[in-house]
Amino acid sequence: MNWVRIRKDSIKINGTTLPTNHCGMEMLKEVYKQLIGGYPKFFKMDALCRLGFIASELLLQQESPRITDTERRAVILFNRSSSLCDDRSYQTTIQDTEKFFPSPAVFVYTLPNIVTGEISIRNKYYGETLFCVLDKFNANEIFQVVKESFLDSMTNDVITGWVDCESDDDFEASMILVGPNDPDFNPDFINEIYKHN
Amino acid sequence: MIEKIADNITSPLGMDTAANYEAVLKGYSCLKLHKCKWDIPEPFMASLFEDGAINDNFAAMGGDVSLYSRFEQLCILSIAEALNQAPQVDISSDRTALVLSTTKGNVEALDIGYCGSGNEYLGESAQKIADYFGFTTTPLVVSNACISGLCAQIVAMRSLENGRYDTMIVVGADVQSRFIVTGFQSFKALSQEQCKPFDINRQGLNLGEAAATVIYRRTDNENHDCWQAVRGAIRNDANHISGPSRTGEGSYRAMRAVLKGIELKEIGLVNVHGTSTPYNDEMEAIALGRIGLNHAPINTLKGYYGHTMGAAGVLETVLSMRALDDGIVLATRGHEQCGTSVPVNVSAQHRNTNAKSFVKLLSGFGGCNAAMLFKKGGET
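Taken in sequence, the protein lines are chains A and B. Numbering-wise, the first sequence is residues 1 to 197 according to our numbering. Numbering-wise, the second sequence is residues 1 to 380 according to our numbering.
Certain hints may be false.
To be verified - In the DMTMM-like style, the derived pairs of lysine to aspartate or glutamate whose C-alpha atoms are separated by at most 25 Å in a straight line are:
no. : chain 1 : residue 1 : chain 2 : residue 2
1   : A       : Lys99     : B       : Asp39
2   : A       : Lys136    : B       : Asp111
3   : A       : Lys124    : A       : Glu63
4   : A       : Lys12     : A       : Asp184
5   : B       : Lys265    : A       : Asp152
6   : A       : Lys136    : B       : Glu124
7   : A       : Lys44     : A       : Asp9
8   : B       : Lys26     : B       : Asp326
9   : A       : Lys99     : B       : Glu42
10  : B       : Lys128    : A       : Glu166
11  : A       : Lys147    : B       : Asp166
12  : A       : Lys99     : A       : Asp184
What the hints assert, rightly or not - Which bits of chain B does chain A cover? Going by a derived footprint, with three or more residues having C-beta under 8 Å, they are:
no. : segment
13  : 140 to 150
14  : 238 to 250
15  : 321 to 332
Said to hold, decoys possible - To give a feel for the contact side, a few chain A residues facing chain B, derived at Cβ under 10 Å:
no. : residue
16  : Lys29
17  : Pro65
18  : Arg80
19  : Arg88
20  : Thr93
21  : Glu128
22  : Asn138
23  : Asp152
24  : Met154
25  : Asn156
These are calculated hints, taken from the structure and not from any lab test. Don't be surprised by glycine CBs; every beta carbon is placed ideally from N, CA and C.
Okay, chain A solo, but in the shape it has when bound (with noise of 0.2 Å):
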């Protein structure tokens, strides 16, 4: 089972050191343009959406042939900070009745579903989109809730996994694409890729 995990200063693809140049923000507009590009929408993403959309790219790399335009591949993303980082910059437009430029451009960010919208967008996904939040991180709740995504018998695959984002600076994630029957696809192994990479 191909996997990404990202941390704020580092990456790795399948267990291999990604080598950046730089950390937070600027790793991810690193890895943009070194290896994803041609894709102008990024730049206007907020911070969890880059993140993820990194994310499943580097996981989407690992494909052949890499599958669009399907209705049975589901985006199923938890974390633990919903979309706070992008509420927080919305809340800085409203706070002040003197400075009051509330932007739709921003507004648009301050759910989290929206980065599996981007995804979706991305890669012509039309299947089952969903986004969770957990107090903490869970790799057995995580588990279960994808398993049983599968009930829906349009879905033969899902990206999943833990997409969090507290600033532009201070974030993970960790992420996988699952068949049903992929023997990997346990708690435990969710577990792994998060606690120990």
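Chain B: place on chain A using the hints.
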């Protein structure tokens, strides 16, 4: 089978499902124009609780108002009333779990002037609510924009079908705030008048506050007196993060999934999202036309409650069930003349029906769409 054993609606119109149904039957709404509320420069039309109403009800229930935010108190009031109808539910069992549907929870806590006890982390809020009742399992928050209330029911349904839990309590709630209202205003999505769903003159949505709860359990014996959650599906437009698909792609695909193998003539009602924005209602009409349900009776409840966000999917499901129990397709308040390119079967009057099955639809930012099929008795 997954059957509903209890429910609640807590809204400005009433503190239980019966009170809400009676009010809606009479055509009541608490939508009104708010000027200078929360120091928001532009007036807005919304259905809000009276100042102190949630607090007073929570205190009357014996709750410690200093420990719980307004949002958490609202959730607790709704869950507690639903649980009163279902004394058989063993809350502390490892076979019982809570799912919370919300978009913004205690987001007002981000304001530097906030003096409540709320915390902006949704998971912590859910844990506080779970602890109040003594749940021993992990509460899950579903935060999937405006479709959260259906997603939460779908997630709950799957946990029951999978045998992980025996009883699921699903609560949907959102309270309004400067944060949310100004955001929707910046999007030019709000109407300062009563919203006009599917109308030729619709100009935008109204926001609302509410909580609603539904309690489901798995059963092997079909009970003809209980509503069943038959099937649910979530699909994405894969098109745009804030604009609905011009072909109603995700909504159509979600409906196609839940209606597989079902005779369309058996669907007595489609309770649509119907926010009253030009784009949403047009998109839903197109999706209904594509699936062949544009002639089925449809309605939307946004004209009574406004858009209650995380509560909407649960509230609108529960009220649709209650009305069909009474043989009624509720009127679409605010609608006058159909104004979508595909005409749909919508009415400003209550209509009689024998239908015992309906489809509930929602769509939201992030291109997400959800559909659920419910039935009562042996039909469908």
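Hints, verified against the model:
1. A:Lys99 <-> B:Asp39: 13 Å, holds
2. A:Lys136 <-> B:Asp111: 24 Å, holds
3. A:Lys124 <-> A:Glu63: Satisfied, since the Cα-Cα distance of roughly 16 Å is no more than 25 Å.
4. A:Lys12 <-> A:Asp184: Within the cut-off at roughly 18 Å; holds.
5. B:Lys265 <-> A:Asp152: Satisfied, since the Cα-Cα distance of roughly 24 Å is no more than 25 Å.
6. A:Lys136 <-> B:Glu124: Roughly 9 Å separates the two Cα atoms, so the pair holds.
7. A:Lys44 <-> A:Asp9: Cα-Cα ~22 Å, so holds.
8. B:Lys26 <-> B:Asp326: Holds, at about 14 Å.
9. A:Lys99 <-> B:Glu42: 15 Å, holds
10. B:Lys128 <-> A:Glu166: 21 Å, holds
11. A:Lys147 <-> B:Asp166: 17 Å, holds
12. A:Lys99 <-> A:Asp184: Cα-Cα ~52 Å, so violated.
13. 140 to 150: holds (count 6)
14. 238 to 250: With 7 residues close enough to chain A, the hint holds.
15. 321 to 332: Answer violated; 0 residues pass the 8 Å Cβ test.
16. Lys29: Nearest chain B Cβ about 20 Å off; hint violated.
17. Pro65: 19 Å, violated
18. Arg80: 6 Å, holds
19. Arg88: Holds: closest Cβ of chain B sits about 6 Å from Arg88 (chain A), inside 10 Å.
20. Thr93: Holds, about 8 Å.
21. Glu128: Given a least distance of 4 Å, the restraint on Glu128 (chain A) holds.
22. Asn138: 6 Å, holds
23. Asp152: Because about 6 Å separates Asp152 (chain A) from the closest Cβ in chain B, which is inside the 10 Å limit, the hint holds.
24. Met154: 6 Å, holds
25. Asn156: 14 Å, violated
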